[in-house]
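These protein sequence lines map, in sequence, to chains A and B.
Residue numbering for the first sequence follows the numbering used here, starting at 1 and increasing by one per position.
Residue numbering for the second sequence follows the numbering used here, starting at 310 and increasing by one per position.
Do not rely on the hints blindly, as some may be mistaken.
So, partial list: chain B residues that the calculated Cβ filter (under 8 angstroms) puts toward chain A [what the hints assert, rightly or not]:
| id | residue |
| --- | --- |
| 1 | Pro353 |
| 2 | Gly404 |
| 3 | Ala424 |
| 4 | Val430 |
| 5 | Trp447 |
FRET-style restraints, in silico, Cβ to Cβ [stated by the list, open to error]:
| id | chain 1 | residue 1 | chain 2 | residue 2 | range |
| --- | --- | --- | --- | --- | --- |
| 6 | B | Gly578 | A | Leu164 | 21 to 27 angstroms |
| 7 | B | Ile405 | A | Leu65 | 40 to 46 angstroms |
| 8 | A | Gly71 | B | Gly404 | 40 to 46 angstroms |
| 9 | B | Ile405 | A | Ala208 | 53 to 59 angstroms |
| 10 | A | Trp29 | B | Gly404 | 42 to 48 angstroms |
| 11 | A | Ala30 | B | Val514 | 25 to 31 angstroms |
Hints listed in this document are in silico derivations from the structure and should not be mistaken for laboratory results.
Being a predicted model, the structure only gives us computed values, none of them experimental.
Every residue gets a Cβ at the ideal spot worked out from N, C-alpha and C, and that includes glycine.
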Amino acid sequence: MAAVTATTTTPPAVRPVRRRFSLGRVAAWAVMGLIVLITLLPFYWILRTALSTNAGLRADPTNPLPVDLTGTGFERALGLQSAEEVVAQGGAGGGLRFWRYLLNSVIVSTLIAGCQIFFSAMAAYAFARLNWRGRDTVFGLFLAGLMVPTIFTLLPNFVLIKQLHLVDTLLGIALPSLFMTPFAVFFLRQFFMNIPREVEEAALLDGAGKVKIFFRVVLPMASTPIITLSVLTYITAWNDYFWPLMVSYSDSSRVLTVALAIFRAQTPAAGVDWSGLTAATLIAALPMLVLFACFARRIVSSIGFTGIK
Amino acid sequence: MTVASSSPPSRLLRAKARPGGDGALAAVFVAPAMLGFLVFLLWPTLRGVYLSFTRFNLLTPAEWVGLDNYVRMVNDPIFWDSLKVTVEYVVINIGIQTVSALAIAVLLQRLTQSAVLRGIVLTPYLMSNVVAGLVWLWILDTQLGIGNEIISAVGLDRVPFLADETWAIPTIALINVWRHVGYTALLLFAGLQAIPNGMYEAAKVDGASEWRMFWRITMPLLRPVLAVVLIMTVIGSFQVFDTIAVTTAGGPANATNVLQYYIYGSAFGRFQFGYASAMSVALLVVLSAITVLQYRLTRAGQTDLG
């Protein structure tokens, strides 16, 4: 399954690395360098384009530096320019306001990541630690949900959201992902089961109830996997395109991914507004890069396997 | 998750449990997730299957038409064509992605354990498919894209990567390799971490080359993990939509009209929700077959790992 593990085992660093120069080693590093270039150069190229003018891009397409260094691409993407300026600089007159979409994306992703992980953690605790009849049956049912690809539920969920009159609202975009995913429940249950029972027993002896244990003992102890899962859920929600495309029609509920696609579709007569489009692309991508940078070490070392047994 | 709790089932927690268990509390804890599961997962799944047997345009109530949609599907050349395009995409995408990811994972394991490099490799995965699509749409632009500038500087003809019937699918497959290969590589890397380092040390003492160690140690021990990753990525690959929506919109001449794009067009372009649902069921059947395969392979893998 889409996988993250709870263990943060760092690889054994005590490997005696003999630094000898062999042809193979040099070649291997060369390949690694090439991979890093292919990974990172497109980001630089987007930045360089966003800081250029459209006229400059047409005149000098191969210049490795920004042509006529300018911030007008960003101004256009954020809707800070007048209509005349937009047209004069090769933009489309559509008046997209990326501030608004940025805010919408933040609201939707925060709602989804916050609620989904919290509700999933509650259910996971009930499956891992509470004694109740039918527990294993219900858990089995949830697990079976892993078999259904999200994409299959999109059309019927759209019909449902329409019946609930939530089309074109931020809540309508967030609602289907708000309560749980089978994966989150499964993943957190695995982790809760591995918390030593002695810790909870000690709290029980101190007279704490199970609710208190969940909030004061279990959640803090599981903070690493919970944070990792939340960040990954946040990124997934932020990057989602298909579902918001179905649900949102106007500015009030438009998120960044959908706005970007619309920006791309509004090609002015003179050709694509590459400067504005790449600026908008950066606005959409940058928050996730920053978010990732804050948690990179934790996330990178916890991507791995949760085999389903 | 290696550190399983080794303490025996606790008597204390059992003794503290009320006779009826924690039923009431559990109900409260499970309720939100249960609501989400029933309303947004189970119900839509059943409803999706039901809708595939109806004619439904969203405005008037669904009308039962039996197998009509399925009969139409089987006789619809565009459906078969889009299935073909989808499979072509999956084969190219998964083939290149798996080999590249394996190479990156092995390099990360044998060359350096650097967490910084792992972070760098993962960055494209943080972008949305839409962003990745737009980035490469610009780089590969026929007139102004740096990719084509380089090609023409070398003296070759410019390639209309995303506007050409032959090039479009391989190009989109490669764009998605760029976005996903790092994540796949890190999954494989995690699998590689489970191989005891001593095995490589011992092989080295015996004078084995890296190449030989890869085939004799890495591949056999990684096989089960590789199988799972492969099935997982294949399922994801079958659902390709975003990249195509922003780069080619299914064109040129239906050359990139993948199944999910055709389904979307049927539902939201032509308001044939019944027909779209029938095609979704077909896709679900394909994906389920792959999932069953996954469980088989996983189980085979478990005995393999010992």
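Quiz item: Could one say that the CB atoms of Gly71/A and Gly404/B fall in the range 40 to 46 angstroms?
Solution: 42 angstroms, holds
Quiz prompt | Residue hint Gly404/B, partner chain A, criterion CB-CB below 8 angstroms | solution = 18 angstroms, violated
Practice problem: Verify the interface restraint on Pro353/B: the C-beta must sit less than 8 angstroms from at least one C-beta of chain A. | Solution: 4 angstroms, holds
Self-check item: Status of the given 53 to 59 angstroms range, CB of Ala208/A versus CB of Ile405/B
Solution: Since the Cβ atoms of Ile405/B and Ala208/A sit about 54 angstroms apart, the hinted range of 53 to 59 angstroms holds.
Quiz prompt | Range agreement (Cβ of Val514/B with Cβ of Ala30/A, hint 25 to 31 angstroms) | solution = 27 angstroms, holds
Self-check item: Proposed interface contact between Ala424/B and chain A, which counts if any beta carbon pair is under 8 angstroms
Solution: Check passed: Cβ of Ala424/B comes within 6 angstroms of chain A, closer than 8 angstroms.
Exercise. Just tell me: holds or violated, for the beta carbon distance of Trp29/A and Gly404/B against 42 to 48 angstroms?
Key: About 26 angstroms separates the Cβ atoms of Trp29/A and Gly404/B, which means 42 to 48 angstroms is violated.
Quiz prompt | Verdict for Ile405/B, Leu65/A (Cβ pair) under range 40 to 46 angstroms | solution = At 32 angstroms between Cβs, range violated.
Exercise. With chain A as the partner, please determine if Val430/B meets the hint condition of a C-beta pair closer than 8 angstroms.
Key: 6 angstroms, holds
Quiz item: Is it true that the C-beta distance of Gly578/B to Leu164/A lies inside 21 to 27 angstroms, as the hint says?
Solution: 23 angstroms, holds
Practice problem: With a cut-off of 8 angstroms on the beta carbons, see whether Trp447/B makes it to chain A. | Solution: 6 angstroms, holds
The structure is inconsistent with the numbered hints 2, 7, 10, although it conforms to all the rest.
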